[in-house]
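**Q** From first to last, the protein sequence lines are chains A and B.
Number 142 in this note's numbering belongs to position 142 of the first sequence; there are no gaps in the numbering.
To convert a position in the second sequence, counted from 1, into this note's numbering, add 700.
To be clear, the hints were calculated from the coordinates, so they are not data collected in a lab.
Please read these numbers as outputs of a predicted model, since none were measured by experiment.
One thing to keep in mind: the hints can contain errors.
Now the stretches of chain A that chain B is said to cover, found in silico as 3 or more residues with beta-carbon under 8 angstroms [said to hold, decoys possible]:
no.	region
1	55-62
2	68-78
If you only want the chain A side, here are some residues facing chain B, beta carbon under 7 angstroms, derived [stated by the list, open to error]:
no.	residue
3	37
4	90
5	521
A virtual CB, placed ideally from N, CA and C, is assigned to each residue, including glycine.
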Amino acid sequence: MVFLPPPHLASASRPAYAEAYANILVAHRRSPLTSASSVIILVAPDVDALCAAKILAELLKQDDVMHRIIPVSGLADLERMKDELVTYAELHTLILLNMGAILDLSSENWFGQFSMKLTVHIIDSNRPQNLANMFAGGENGERFVVWDDGEAENMGEERKAWEALTYEPEPDSDEDSELDDQDEVQSNEDDDPDDGEEFSERGPSGKRRSLGDGDRSQEKRRKLDDSTRLSREQRDAYHELIAKYYGSGSWYGQSASATMYILATVLERVDCDFLWLAILGLTFQYTTARISRDTYDKYHSIYYDEVFRLNPLPPDVAANTTDAITAMSPDDLSVRAAEELRFMLFRHWTLYDAMYHSSYVAGKLGIWKERGRKRLTGLLAKMGFSIPQTQQPYAHMDLDLKHQLRAKLDSIAPEYGLVELTYPSFARCFGYRASPLSAADAVEAVGALLDVAGGIRMEVEVEGARHGGEWFGGGRLWEGGRNGEEKREKRIEVGSRQKDGDDDVDTDVNGEERKERTWWVKNFWAAYDALSDIVPLRDALSLAMSLHRAIIRQGTSIIDKQDIRTMRSHRVVVLSKGPDLALFAHPGVLARLGLWLVDALRDRLPGTKIGGLKGRGKKSLPFVVACLNERTQTYVVVGIMGALDFGDVRRNEFGLAFIEAKQRCNARSRHSTFDASVLEIEQEDLKLFLETLCEVGEGY
Amino acid sequence: MTDTRQFGDLATQLIAESRRSTLTDTLLKYNDNLVRSIIREQRDLEKMTENNQNVTPAMLIYQTTIVRNKRCLLAYHKHRMDRLRDMYWTAGGALPHILSNQDIRSKLSPHEVDFLRQYSTSVMDYRAGFSNELDITASITHPPKDLHVLVHVIRDCGIIQTELGTIDFQKGQRFMVRRADIEHLIVQGYLEEV
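Okay, chain A solo, but in the shape it has when bound:
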């Protein structure tokens, strides 16, 4: 398994993205008789992976490569898919988007059994990555290619440690072979190498240096042709290094869509669509607190230049004004840079609602209490917005108020403690079909589609129906996933059954699961299609709004009822009743609720030191949210590690903590998604699990 450096670090001897892509094309074209199902793309269900998949599919389509896109929801799904893929003899390229980095893919459990001509490309923003994926070489190893973002350059120490531990020679060996001449590769992450695995003979290369620990002063640096063995201290030090790498929690690297965008840049095939998708991936990472503000700024500046390169503004329109974000012509599909306020979907809601539903404002002002709401209206009044104005949908607000909004916010909001209200972002025009949509709003809409487009009854509000509008009864049911059916209705009556979802209406348990899987897949494709079509995307905004309303309802009720229990250093929330229980049984929605709670309570709760080896962890807000899934009688548990400062992120250690707690208390549980910090656990085991979890946290 090799890792590909990004193009700016590539050289003739180190192939980068473009070469890997060219290899895919070559393999496809070389076997014309079997190319029909030779490239398969597995996509994880998050917005970033969707954007990356779209870019990649478009690139492949332009190159006439026949490919196949398969959505995969979690590790169990991936295993099932793998079992199926084994039977495909013609498969020669497998691309994993936002999944698989932590798995040891060359082992027997995963893709080690596949034929030699299969190449697996791993484009994953999850970190930590499995070191075996990154560094193992050899023929078997060359099959797995990790597309790296430059971080691997900084992992020299981990690399040495891993190599030393895996290739530890037998005591009498005298060999000295290069890394690339390996015939066999063993694949263990951090198990003790003495576990009876096969070894390849290799002497330590001269590159290895001691790690500077005082205990090892007895060991001298070995020369190349000496047969050496790792001393116990050295081995322990390496173990510790690797354990630290894996044990520090999970974080996120470069988004998959950014990787794909870089590929497109290297191939010189970028256009506005790709840029927009890459921006969406980045914004998704930022708004879901996966990357810190600094990282966001770094990537933002790259995209900022790209925007101006690809979308030159006419000279009489100054950039960065609100006027700049209007469509110039009916076919204007360009991307513009804009400042984004931290209010949720504020261009599509009333101003009051947008501020009410944003977690940042909610936290600072204390929206869940009546006093906080008064403060909010007070703030708006101070800024010169009358109450009727703030209750108007944004599009109907007075123009001059809209222009002044930002200036007023900057001057008055700091009094209330709202300081970082804006961040630089982008917006896209859609000609005259729709008003320009900002990246954050688009991410919200797509995320809402992914989570709840179908399978759950969602009421969305009809605009103008508040305060007893034209039609009494302000909501209508969300009709998600139905848009494909109208197209099919027009088809001939021959052989077309109008409702495709009824195929798998079963009554046994498997049927339920299959129905659930069908809904999830439908949501996936609805979100995928919405990425390129403004009409469903705009409709999804109302879905996102109702989702937010539900989250706020639940969040405020939790805080009001003081439902947050503190177990040692963790804050735990357990939802077992409420109107929206079915909604929060989805891990995505539950995670959003957790993030909202973290943001809202950031200033009110003291941070606690948790995690980190030797108790050197940074202060953070560990949150565990659990929700009962009545249908399956299980609890969905999500762990979130909030940072104390807004815009900062912490590595999420809940993945490891969950696994350890699970083992300790033998709870019946499973991980249903790719994120190790999301767990589904039997109802009876929850209490014990939570207690064990908190012990685990303390025990570090």
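Following the hints, complete the assembly by docking chain B onto the known chain A.
**A** Just chain B now, kept in the frame of chain A:
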């Protein structure tokens, strides 16, 4: 009580049925009973005109009715044949597909099934002559813009053999495939173009 009826009344009912079929754009069931009663009526009328050689007004009426009944029968059958032929072409010439569909099959009379079969054979013979250059059963409403097409699987169609290998279409996945290979699947409704 005897069934007193106007001459040609049944034929009008048959035509009304054809008209209803056109207006609702569906194929109705072959109305075997009505056709048989019309034929019975024809025979009765013919018996009445057999013996008499003189041209009387009564004879004229009988003759007109006979001719009209015949015309209505022919119109009905032609109408149905046209609909079947259209259905055949929209299905892309996949006769087994049509015939295996139970609700269609139940609406056809045995003669119509035979007609479809013979028609299909004729088309196949005709098509085989130049299938390298042109496939006449492919859809003509949207000329293909691209060699490849992105499709979404609506219903499982299993493993399909194409020129470029086998493809296993599974529900809920998307494929990029050569248009020529799967055109017939799109027409039959297994795949949907994205």
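**Q** May I ask you to test the interface hint for residue 521 of chain A with respect to chain B, counting a Cβ-Cβ separation under 7 angstroms as satisfied?
**A** 4 angstroms, holds
**Q** Verify the coverage statement for the region 55-62 of chain A against chain B, using a C-beta to C-beta distance below 8 angstroms and requiring 3 or more qualifying residues.
**A** holds (count 3)
**Q** With chain B as the partner, please determine if residue 90 of chain A meets the hint condition of a C-beta pair closer than 7 angstroms.
**A** At 5 angstroms from the nearest chain B Cβ, residue 90 of chain A passes the 7 angstroms test, so the hint holds.
**Q** Does residue 37 of chain A hold up as a contact with chain B if the rule is Cβ-Cβ below 7 angstroms?
**A** This interface hint holds because 5 angstroms falls under the 7 angstroms limit.
**Q** Does the region 68-78 of chain A contain three or more residues whose Cβ lies closer than 8 angstroms to a Cβ of chain B?
**A** holds (count 4)
No hint from the list above goes unmet by this structure.
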